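Student: Chains as they are written, first to last, in this note's numbering: chain L, 1 to 85; chain A, 1001 to 1085; chain F, 2001 to 2150; chain H, 3001 to 3150.
Because the hints were derived from the structure by calculation, they are not lab data. If you're wondering where the values come from, they're calculated on a predicted model, not measured in any experiment. Note that CB positions come from ideal geometry on N, CA and C, so glycine has one too. Honestly, I wouldn't trust all of these hints.
Unchecked claim - Below, in silico cross-link-like pairs of lysine to any residue (SDA-like), each with a Cα-Cα straight-line distance of 25 Å or less:
| no. | chain 1 | residue 1 | chain 2 | residue 2 |
| --- | --- | --- | --- | --- |
| 1 | A | K1017 | A | R1056 |
| 2 | F | K2120 | H | H3097 |
| 3 | F | K2120 | A | D1060 |
| 4 | A | K1017 | F | E2133 |
| 5 | F | K2120 | A | A1062 |
| 6 | F | K2120 | A | A1014 |
Claimed, not checked - One side of the interface only, derived from the structure: several residues of chain F facing chain H at Cβ under 7 Å:
| no. | residue |
| --- | --- |
| 7 | H2097 |
| 8 | R2098 |
| 9 | L2102 |
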Amino acid sequence: MALDLLYFAWVREAIGKDGESVDPPESVATVADLLDWLSATDEDHNRAFADRGRLRAAVDQAFVPLDTAIAGAREIAIFPPVTGG
Amino acid sequence: MALDLLYFAWVREAIGKDGESVDPPESVATVADLLDWLSATDEDHNRAFADRGRLRAAVDQAFVPLDTAIAGAREIAIFPPVTGG
Amino acid sequence: MIDVRVQRDAFDVGAELARLEALGGGGVASFTGLVRGDGDLVELLLEQYPGMTEAALRGIAESAARRWPLAGLTVIHRHGPLTPGERIVFVGTASRHRAAALESCAFLIDWLKTGAPFWKRERFADGTARWVEARAADDAAAERWNDAAR
Amino acid sequence: MIDVRVQRDAFDVGAELARLEALGGGGVASFTGLVRGDGDLVELLLEQYPGMTEAALRGIAESAARRWPLAGLTVIHRHGPLTPGERIVFVGTASRHRAAALESCAFLIDWLKTGAPFWKRERFADGTARWVEARAADDAAAERWNDAAR
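Excised from the complex, chain L in its bound form (with noise of 0.2 Å):
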């Protein structure tokens, strides 16, 4: 299952980058536990989703708590919350 991932704000800077294409195991069920393999993959996702009550996430472009299922998507963002204009 292929994936676009998108951070943004403090989560872009922390990560060092502004998205990347993932292709997670069978596993990896919701936004969280996407959240926690990428988490083990090296310290700047680990660092920057330490604090998962700091994170917010879309998926395909709709927001969504974080325990939701990923299945059939096809960009997930992850970001803080929304600061408004």
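Let chain L serve as the given structure and place chains A, F and H on it in line with the hints.
Tutor: Frame of chain L; chains A, F and H shown alone:
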């Protein structure tokens, strides 16, 4: 007691002038008395002041009820209820 | 910075807003009222009480400035004959707080459209003309600000 | 007429208002938000989610157009680096009813300043920078519109 009278909107049109200088007798104590006294002078004033419910007044540029005393006043304006901008 | 003007001449909304923006408050609210061409209206005449009308507008502007934390406010009201599409009235308010800018703007325009000492005469394409009567609905809109203050 | 733009470029408030005035509604309300230079701020960076941010703004604009009888509404929001004094956001609404114009303008700006998908980074004269945290007070301002709808 010389008084400057000002008329606005349809009151002005009904009387046919935008103001006049008058010198009412002592017995004219209130704005309403003034309207009575002016109504007796000619038909135009009489018609303009016939329906007191449609008239408002200002004494020296402050809105007042028609039963307000006019002793010491210099400028009295008679007009319909304001309609705003 | 309270700026109140009762004038015959047209005015430039962009320039008025730029002046309020330059005060540094960060938020600028405005309301512009224009003559609508309803029912074959060809002219709206606004009659003022010279001197008193501007003093009354200044009084309500000062009351808004006491009630809300404003960096500045501008009120411009035209008098004389106006045609459909022309601007009649402009209210602009600047504040650090967007609620203060928006609420004071609404307060001022509600009062201006109801309590301000103006009389309006409408002239229509068929040659008829009539003086506009005061409306109860407008009084209610202005009244809610008094209720809110109680 | 719903016009929603998320853009890097500056915009002309006077021209935007003239466009809304030309719709004939008779009343035009607006709110303009600008970068304040508080605490030696030298730059405010607004980051958007390309595509999603504009879609979200369009969604709220359509919701306002359903909720109030509007002749037109314009929302412009800039992204990218901005300096103190620059305009960030503009909301303009046109209606026959001044309350509809004013309320929909307040509704839109409350949402834009709180719920819109933007992230803000402040950079200061001393070289430090920080991402702005979401504020509970702003959420409350946006929330009252939900309360009003219940």
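Student: Going through the earlier hints one by one, which of them does the structure break, listed in rising order?
Tutor: The structure breaks only hint 7.
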